[in-house]
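Protein chains: 2
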Amino acid sequence: MRGAVLYGPHDVRFEDRETPDIIEPTDAIIRIAATCVCGSDLWPYRGLQPLNGPTPMGHEYCGVVEEVGRAVRRIKPGQFVVGSFATSDNTCPHCNFGYQSSCVKREFISRAQAPFLRVPQADGTLVPTPGVPSPEQLASILTTSDVLGTGWFAADAANVKPGTTVAVVGDGAVGLLGILSARQMGAERIIAMSRHESRQKLALEFGATDIVTQRGDAGVAEIMDMTDGIGADSVLECVGTQQSMLQAIHAARPGGYVSYVGVPHGVELNGEELFFAHVHLHGGPAPVRKYLPKLIDLVMSGAITPGKVFDLTLPLEKVADAYRAMDERRAIKVLLQP
Amino acid sequence: MRGAVLYGPHDVRFEDRETPDIIEPTDAIIRIAATCVCGSDLWPYRGLQPLNGPTPMGHEYCGVVEEVGRAVRRIKPGQFVVGSFATSDNTCPHCNFGYQSSCVKREFISRAQAPFLRVPQADGTLVPTPGVPSPEQLASILTTSDVLGTGWFAADAANVKPGTTVAVVGDGAVGLLGILSARQMGAERIIAMSRHESRQKLALEFGATDIVTQRGDAGVAEIMDMTDGIGADSVLECVGTQQSMLQAIHAARPGGYVSYVGVPHGVELNGEELFFAHVHLHGGPAPVRKYLPKLIDLVMSGAITPGKVFDLTLPLEKVADAYRAMDERRAIKVLLQP
Numbered sequence: 001m002r003g004a005v006l007y008g009p010h011d012v013r014f015e016d017r018e019t020p021d022i023i024e025p026t027d028a029i030i031r032i033a034a035t036c037v038c039g040s041d042l043w044p045y046r047g048l049q050p051l052n053g054p055t056p057m058g059h060e061y062c063g064v065v066e067e068v069g070r071a072v073r074r075i076k077p078g079q080f081v082v083g084s085f086a087t088s089d090n091t092c093p094h095c096n097f098g099y100q101s102s103c104v105k106r107e108f109i110s111r112a113q114a115p116f117l118r119v120p121q122a123d124g125t126l127v128p129t130p131g132v133p134s135p136e137q138l139a140s141i142l143t144t145s146d147v148l149g150t151g152w153f154a155a156d157a158a159n160v161k162p163g164t165t166v167a168v169v170g171d172g173a174v175g176l177l178g179i180l181s182a183r184q185m186g187a188e189r190i191i192a193m194s195r196h197e198s199r200q201k202l203a204l205e206f207g208a209t210d211i212v213t214q215r216g217d218a219g220v221a222e223i224m225d226m227t228d229g230i231g232a233d234s235v236l237e238c239v240g241t242q243q244s245m246l247q248a249i250h251a252a253r254p255g256g257y258v259s260y261v262g263v264p265h266g267v268e269l270n271g272e273e274l275f276f277a278h279v280h281l282h283g284g285p286a287p288v289r290k291y292l293p294k295l296i297d298l299v300m301s302g303a304i305t306p307g308k309v310f311d312l313t314l315p316l317e318k319v320a321d322a323y324r325a326m327d328e329r330r331a332i333k334v335l336l337q338p
Numbered sequence: 001m002r003g004a005v006l007y008g009p010h011d012v013r014f015e016d017r018e019t020p021d022i023i024e025p026t027d028a029i030i031r032i033a034a035t036c037v038c039g040s041d042l043w044p045y046r047g048l049q050p051l052n053g054p055t056p057m058g059h060e061y062c063g064v065v066e067e068v069g070r071a072v073r074r075i076k077p078g079q080f081v082v083g084s085f086a087t088s089d090n091t092c093p094h095c096n097f098g099y100q101s102s103c104v105k106r107e108f109i110s111r112a113q114a115p116f117l118r119v120p121q122a123d124g125t126l127v128p129t130p131g132v133p134s135p136e137q138l139a140s141i142l143t144t145s146d147v148l149g150t151g152w153f154a155a156d157a158a159n160v161k162p163g164t165t166v167a168v169v170g171d172g173a174v175g176l177l178g179i180l181s182a183r184q185m186g187a188e189r190i191i192a193m194s195r196h197e198s199r200q201k202l203a204l205e206f207g208a209t210d211i212v213t214q215r216g217d218a219g220v221a222e223i224m225d226m227t228d229g230i231g232a233d234s235v236l237e238c239v240g241t242q243q244s245m246l247q248a249i250h251a252a253r254p255g256g257y258v259s260y261v262g263v264p265h266g267v268e269l270n271g272e273e274l275f276f277a278h279v280h281l282h283g284g285p286a287p288v289r290k291y292l293p294k295l296i297d298l299v300m301s302g303a304i305t306p307g308k309v310f311d312l313t314l315p316l317e318k319v320a321d322a323y324r325a326m327d328e329r330r331a332i333k334v335l336l337q338p
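So the sequence lines, in the order shown, correspond to chains S and L.
Each residue of the first sequence is one higher than the one before, counting from 1 in the UniProt record's numbering.
Each residue of the second sequence is one higher than the one before, counting from 1 in the UniProt record's numbering.
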């Protein structure tokens, strides 16, 4: 088969790779129906995260089970399934606490931009959909694998509740789906921080009530103005830089909640500053597996259409174009079809 | 009157200071019944926090109201009262959210090691006790003003619940009262990190179930062993250094809660490390005012005796000896009587 391999900054190749086989008895092999490029793929693509040699890429996926190992009980060949970017046995203490993305058997999926994928811990990682998604549902089902699950975690970790005021830092696909999630959780006011017209439009469609185009201190000042000087109850940090993190912390009220869901790059938080900000801080790799059953339901019932974040669809072999379009912010998120 | 003034490292003087008067109509003047030295007083005493000239000291207090300003309605002369180290109007949005220590009218009390004290925002800051505390109750009532309120916040902010496993980093008075608080909140297992025999004894008396004498990575390893490799549900960080903060973060399970309640000194948290630790983090100046009614009840009813943290009582004029005893760790906490 052929799949995506990152060789270095701005150098993604679509090239021959071995078709995966069952290795562990708990594995499954999936025939990918759709995959995509993640915002986090752009860190190494831009050279901001070191590579250890040529690296197969991709961790968002859904598709049909081709084959399962002999220890797999729940997942069956022929099922249409979605899985998290982090594998989990879904039975260890961390999984039982709802932190499947810190499962003792966690592995990070990293070869999903390909026609076939080996998924370890298949029984704990994969969730079957009720029937095969229609072509219209496919993009939205794909989002549950990471980008929606991560946006949902951002809202959950920031304690979004009915009636609260929420600010979202970052207008990438995760931020946009954080808005959709906050809306689903009943937030009264959702302030999107965005300076790109097409993203503002989607933010409003997903449930944002206000747009702030300023960044940094000016953006924080605008949020303070909008909340009578109090600050937001919940702030979702969906970028991962020092500036965005401080922007999020400063936009929250004392006692408010700040979540951060992308791997921070170059972020250092000063203890004293955090202390006097008086906020709750929670983040990490999103426990997507916990949310998958609910998110699949919401998509299949038509309650939400998170697949709208895909504003470009390409055949998998054009994966290099997909990276380029996202890097240059010509696309919010690119769906790839094998 | 004479009160404590810090001139520089290890230089506390008991000297003439102006007796305080009502300045704002919302002020009260208190005749101090008991005050004490706080662990946080030791940072500037040790030269680890810069001074801006000679600085009157003290922020833990209880006593009898001498006089109130003309706008004070609830607090009356003659009442025995306790107040927080942070003043609050108890009506602003932050106060209503339970974060009185970030009140829009917050001032930090800093002249309480003296016979008289001016307390701004008297109606919002002070809470009368039901009758005058007995000599036996006085020390315990004094703790509600800061050290117990802060230990209680540490347990609350770390989400201590019935049945949980709690670790406490730091065996100073705040850490010890964090243990007492966790016990009151129903924690099943409370692991005290302490290497001092007298403090271990008090920790066990306050409700600790286990003692860990190792620090740093070795201490974390011991906690991991004791929790079957899972980590603690809640960790109370009651020191404020880089080492203690990392120790706390590493001792918590993914999805666990870490609180920090002393002003961090020289603490820098790496975003990526925090992300993969997957913990909740919350701290700041303890909203003591929120807890005062409950804590006063617990003390006056005899349910708790937090005053046991005072292992030395001195007349106020010996305040320099009090600082010395705490600096040299000869005393856990020193009560001062005017």
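Please note: incorrect hints may appear among the correct ones.
One copy or two, either will do: identical chains are not told apart, so a pair holds if it fits within one copy or between any two.
[Said to hold, decoys possible] Lysine to any residue pairs mimicking SDA-like chemistry, simulated, CA-CA at most 20 Å apart:
1) K161 with G98
2) K105 with D228
3) K294 with P338
Since the hints were derived computationally from the structure, they do not count as laboratory data.
To see whether the hints hold, each was checked on the structure:
Proximity of K161 to G98 under the C-alpha cut-off of 20 Å is found in both arrangements, the shortest distances being 19 Å within a copy and 17 Å between copies. For the identical chains of this complex, K105 and D228 are inter-copy neighbours only, at 15 Å across copies versus 47 Å inside a copy, given an alpha-carbon limit of 20 Å. Taking CA atoms no more than 20 Å apart as the test, K294 paired with P338 passes in neither setting, with 27 Å inside one copy and 63 Å between copies.
Checked against the numbered hints listed earlier, the structure breaks hint 3 alone; every other hint is satisfied.
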